[in-house]
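Spelled out, the chains give:
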Amino acid sequence: GENVEQHPSTLSVQEGDSAVIKCTYSDSASNYFPWYKQELGKGPQLIIDIRSNVGEKKDQRIAVTLNKTAKHFSLHITETQPEDSAVYFCAASTGGAQKLVFGQGTRLTINP
Amino acid sequence: EAGVAQSPRYKIIEKRQSVAFWCNPISGHATLYWYQQILGQGPKLLIQFQNNGVVDDSQLPKDRFSAERLKGVDSTLKIQPAKLEDSAVYLCASSSDRNTEAFFGQGTRLTVV
Chain Z
1 GENVEQHPST
11 LSVQEGDSAV
21 IKCTYSDSAS
31 NYFPWYKQEL
41 GKGPQLIIDI
51 RSNVGEKKDQ
61 RIAVTLNKTA
71 KHFSLHITET
81 QPEDSAVYFC
91 AASTGGAQKL
101 VFGQGTRLTI
111 NP
Chain P
1 EAGVAQSPRY
11 KIIEKRQSVA
21 FWCNPISGHA
31 TLYWYQQILG
41 QGPKLLIQFQ
51 NNGVVDDSQL
61 PKDRFSAERL
71 KGVDSTLKIQ
81 PAKLEDSAVY
91 LCASSSDRNT
101 EAFFGQGTRL
111 TVV
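Protein sequence lines correspond, in order, to chains Z and P. The opening residue of the first sequence carries number 1 in the numbering used here; numbering runs sequentially from there. The opening residue of the second sequence carries number 1 in the numbering used here; numbering runs sequentially from there.
Because the hints were derived from the structure by calculation, they are not lab data. Note that this is a predicted model, so its numbers are computed, not measured. Hints may contain errors.
Claimed, not checked - Capping the alpha-carbon separation at 27 Å, the derived lysine-lysine pairs in DSS-like fashion look like this:
id : chain 1 : residue 1 : chain 2 : residue 2
1  : Z       : Lys71     : Z       : Lys37
2  : Z       : Lys71     : P       : Lys44
3  : Z       : Lys42     : P       : Lys15
All chains, please: the whole structure from these sequences, using the hints.
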């Protein structure tokens, strides 16, 4: 089955700097790659997703890149703000929201 | 639009007791998921419903876990009897169909002592 590895497990950056989180997946049939943000005591919230027919997607300060050949995808957050502090999860599936396999999570801390 | 509602928010039980969690998905969402999130890990899918039918329960420990979605709307997840290793946050999510994004509820934090 699918296996998703996420790095780093913790990341600390200065406010205003960029943050990058990377994930690799094992199943070449996976075609949907969402990123979720989870704040303390809350459920995961979808922040951006990408499908395998696209190499890059951007939404304001957040972007995701996908390399199908290498089977890895990354989350890029620019101009980080204190409210970006949270745990971020990547996930992969072979079809939309079903059978999502999550990475282990990255705890991002933005230092003022 | 109202989000996915779950109750209770917190539950503490002794091992070998039973417990039930409730989920009300976003109105009109046909697909409903239950995930287990152990502290420090990503969510793991337990079961997926399409309307009131089970699509995938391959990772549900069926000797102790059960779930139902009567009338294709609300869902309940039950654990009987509970073990210490069942301590986790149980997340419910829904999507309008299988291929669209999933929206998560706040979860129920279960502690088994």
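For each hint given before, does the structure comply? Return the numbers of the non-compliant ones in rising order. none
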